[in-house]
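Starting from the known structure of chain A, arrange chain B on it as the hints suggest.
Protein chains in written order, with the numbering used here: chain A, 341 to 765; chain B, 39 to 671.
Hints were generated in silico from the structure; no laboratory data involved. All residues carry an ideal CB built from backbone N, CA and C; glycine is no exception. Certain hints may be false.
To be verified - Covered stretches of chain B (in silico footprint by chain A; criterion: 3 or more residues with CB under 8 Å from a CB of chain A, positions within the stretch not fixed): (1) 52 to 60; (2) 65 to 71; (3) 76 to 89.
What the hints assert, rightly or not - Simulated restraints, written as ranges between beta carbons of each label pair: (4) A/471 <-> B/259: 38 to 48 Å; (5) A/600 <-> B/230: 28 to 38 Å; (6) B/54 <-> A/605: 44 to 54 Å; (7) B/111 <-> A/593: 52 to 62 Å; (8) B/54 <-> A/760: 21 to 31 Å.
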Amino acid sequence: MFTIEKKDPFDFPLFFISIGLWIFGIFLVYSATHLHESGPLAGLANKQVIWVIMGVVIILAVVAIPPKLFYSFSYLFYGGSLLLLVAALGMGVVSKGAGRWINLAGFQLQPSEFAKIGLLLALARYFAHKEVTFSRISSFIVPVLLIGVPFLLVLKQPDLGSALVFCAMALPMFFWAGLTTLEIFFLISPFISLALSAMPLILSFHVAKSLGIWEAIPWGIFFVVLCVILYVSRPPMFLMIGVVAANIFTAGVTTLIWNSFLKDYQKMRIISFINPAQDPFGAGYQVIQSKVAIGSGYLFGKGYLQGTQTRLSFLPEQHTDFIFSVLGEQFGFFGCIAVAALLFFVIFRCFMTTQSVRNRFVNLVIVGSTAIIAFHVFVNVAMTLGIMPVVGVPLPFLSYGGSFTISLGILLGFVLNARVKGHDF
Amino acid sequence: MPVGLHIQDEQFERNHKSIVLIVTVACFFGVLFLRLFFLQIIQGQLNIRLSQENAMQLKVIKAPRGLIYDRNGVVLVRNRPSYSIAVLPYKLKSRQDIIRKLCSIREENGDRLFDSTDLVQRMRQAFGRRFDQTRLKEDISMSVVSIIEEHAMELPGISVENESRREYTMGPEAFHALGYMSEIPEDQFDSLKKHGYQYGDLMGKAGIEHRYEDIFRGKDGQEYIEVNAYGKSLGRIKNMPRVAPLAGDDVYLTLDADLQHVAYQAFPDSLKGGVVVMDPRSGEVLVMLSSPSVDPNIFSLSVSLRSKNWATVALDPNLPLNNRAIAGTYPPGSCFKLVSAIAGLSIGKLQENSHMPSSCNGVYHYGRRIAHCWKAGGHGSLDLVSAIQQSCNVYFYQVGLRVGDEPLHTYAQRLGLGPVTGIDIPGEKPGWLSGEKEYNERFAARGWRWTNGLVLDMAIGQTELVTPIQLADMIGAIGNTKYLYRPFLLKEVRNRDGIVVTASKPTVRTEINLSAETIRVMQKAMAKVIEIGGTGGQATVPGVPVGGKTGSAQNPQGELTHALFIAIAPIQNPVIACGVVVENAGHGGSIAAPIAGKIFRYYFANKPEGKQVVAMLAAQKEAEKASSGGKKP
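Chain A on its own, in the form it takes in the complex:
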């Protein structure tokens, strides 16, 4: 059971399923845009073909590179990607637009995509030799700094989606680097506190009447559970105090800011972000249309190119962030399940790769890469299904987009590379 697989080092199933998903994505992009004979959306499917070919080439290229090289150049790559972020912000200031893109020899690049990979390599390199543990708080300093700098830079763009990707990628890497499941729970508990203390405030906003002390009930229950867990698991004293303090602090600050500092229009903006249905004719319009499109697919869908919602262009962004609604409408429940199963297979296969590779750096890279892919899949699909706020996150393999297709190629390259060359160092 604990033998390392020696034969068949290249993961062909993963490779071919990826290509299959990509090709399917091209068909979906075509379906979403084929009615546009002119304009910016015309002929995007053809462009996506080129992006996919580039993606495949990049996978093969990355597989050919010895992992030692990634290891050696990881900090350099990280530094470079930060410079690109700063440059994009600078250009954004000059052109008075959102600083998300930089033009490089006629190509529009999204530096936040590179920053994801840069951060991934840098964290992996750091964790490769350090155990992270709550008993040494100092072990958190460097990784937090590594995440914090690009996090703030993309937040400034502003690109909330990418900022969240950084956090989502870091969490499983912390786990891999030594934190126990319980410790991960402690780590995210302040965020749960934030969410639970904000929830009643947001709900009571429309009632126009404060619910008083009852607002604290959901958070209170969570806090009691947290205390019980702390009592049972008996972590070191300072950790216990720290976790309790952090949770009380976030809950308190959330309530204070909401009640005393935010103006009504700011509250409205937050509410319609979290729950687009509150703003059915603005932010919620896309989500409502997307839900109807997916829901109308029923069991088997309306058939390829037969979508009505999509045909009438009621869904903007349907070739990128809302591509899943095209899938749902035209291929129905079974189509969605099949694609979801394939996506899950990709993620499963990637995580399983760690079992056959001993090198800690390589494993951390795999875990981070897979986390990025999994996060994109979940957030994107949840968003089109109307259970998550709309943050601009593309769906891996299916969404149109050059930068993301290329970085997806790099991430898959890392994983496939590990099986081939992971034992080399």
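Same frame as chain A, now just chain B:
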């Protein structure tokens, strides 16, 4: 062996951790699965229905526009229901076919509803916005509505829309104060879009409708409705969010509908000019009339009718859209003599019994210039009161020379002439006051310089330019003796439940604080003007002493003088002030004064406020008689 054990431990840890990660991801996928199941299986049938031919439509629920009432609660502007034919282009199967069918529809009198070239044009426009409804025909009759509804199956994409239109109860009588509504021009649409305006929306274009657009408008609501394959609404979709419309607030104006009507009737149809009646105690505008006028209801008519009318209105050389009451600038003529007299009295260069060095023999010689009086034979030697009563130019030429241009300018401005009054409707124009500095500034380009002879013309109101509202405001202030108020039209804003949201308060433009002596002399003189033998005899009101001044201003526009008249009543503690200007009509006394007279007589005979004053004055007189009668024996 320890190495092997270590490897085994490590392998175990890796296996364990990767399983944890996979299970976590699987949980997240489970959430997605449940949601998909809910949307596609449980709600599947509903969503299929909603998506068919995109049966789900976002519909704007128009907020009812606020109404306009006069000061006594009489409706001036209301909304009436109206139907129009609209097209949703993307639902059309064949454009030609629909055009052919629509062209075959006839109205009850046998006329074709559509003009085919016009319809083709409108269709082309409509196809520029494929997913938006565009109106093809507005304000159609009920018989046409039923024809369209009966043939709905043959006319996919064509629908009858229920709308509401503005109805102006007074027609042309109060057009300029109220303004009108018109469709948002194409070029302004983009900037208005962010304020929630839709393509084809109407908005206030002038007057009160424009000024208080935000109050009237309310907030449009939105809902999702289900539409069948022919574009016919099946009603609102349950479970879908809906934003209820917020009705606009109602506005109560200071205008008095009866008085406005009297003024409109009194103003000769064929003549141009403006009338403003105000309450000098607050600045409330009771009447605002500009002639010629337009019936604002034509702007609410269907587009073809509207454009026909619009062409006649816009091309009319008399500029009926121009609100002469606030934007017509005229020389004040002899009305300005009141200002000259007040300036002289206030700075001490004139007394009640002042006689001028040259008595009036019809002309006045100043240097080489010969300035005429309007009465060829001359008035002889007059004191101030008689000079005002008879409006003697020669007397006032000398007043001008004695007082000087600067005090004349200052007092004119203090009494409200010159700059805009700040009335709360758009389009007010400032007048212009002369004086050495102002004259040289204004005509610098032409190289004209001020000469002292110009003060002659200045003192009799031939060099200044003022608007009717400035005149009314001025005479009101002279009557009020303390404050010059800012004229205003908005009295109150009330919400749909009739609760007052905001109420206007009078604002003082300047404190004039005339001296007691000035007040006494001016009141005496103004009263004389209206008496028999004065120039304004046609403005008398039974039982109420009226004070005023006529004016007949020469102007370059025509042979006849502008007829002007300003008046207050009663002369002490006036409750009503009036400014009348009739362009190129003749003398103020014979043309303008009768208009004011009719308004005043109606006010004191019919309006409760007026009757109260008459009763009070009668009681006063009675009391005086009684006390003087009591002393006699």
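Here is what the structure says about each hint:
Counting residues of the stretch 52 to 60 of chain B whose beta carbon lies closer than 8 Å to any beta carbon of chain A gives 7, which reaches the threshold of three, so the coverage claim holds. With 5 residues having a beta carbon nearer than 8 Å to a beta carbon of chain A, the stretch 65 to 71 of chain B meets the requirement of three or more and the stated coverage holds. Coverage of a stretch by a chain is defined here by at least three residues with a beta carbon nearer than 8 Å to that chain's beta carbons; for the stretch 76 to 89 of chain B and chain A the count is 11, and the condition holds. A hinted range of 38 to 48 Å is violated for the C-beta pair residue 471 of chain A and residue 259 of chain B, which are about 60 Å apart.
Restraint check, residue 600 of chain A to residue 230 of chain B: a C-beta distance of roughly 36 Å satisfies the suggested window 28 to 38 Å. For the hinted restraint 44 to 54 Å between residue 54 of chain B and residue 605 of chain A, the CB-CB distance of approximately 49 Å keeps it satisfied. Here the CB-CB span from residue 111 of chain B to residue 593 of chain A is close to 54 Å, well matched to the stated 52 to 62 Å. In this structure the hint that residue 54 of chain B and residue 760 of chain A lie 21 to 31 Å apart at CB holds, the actual value being about 25 Å.
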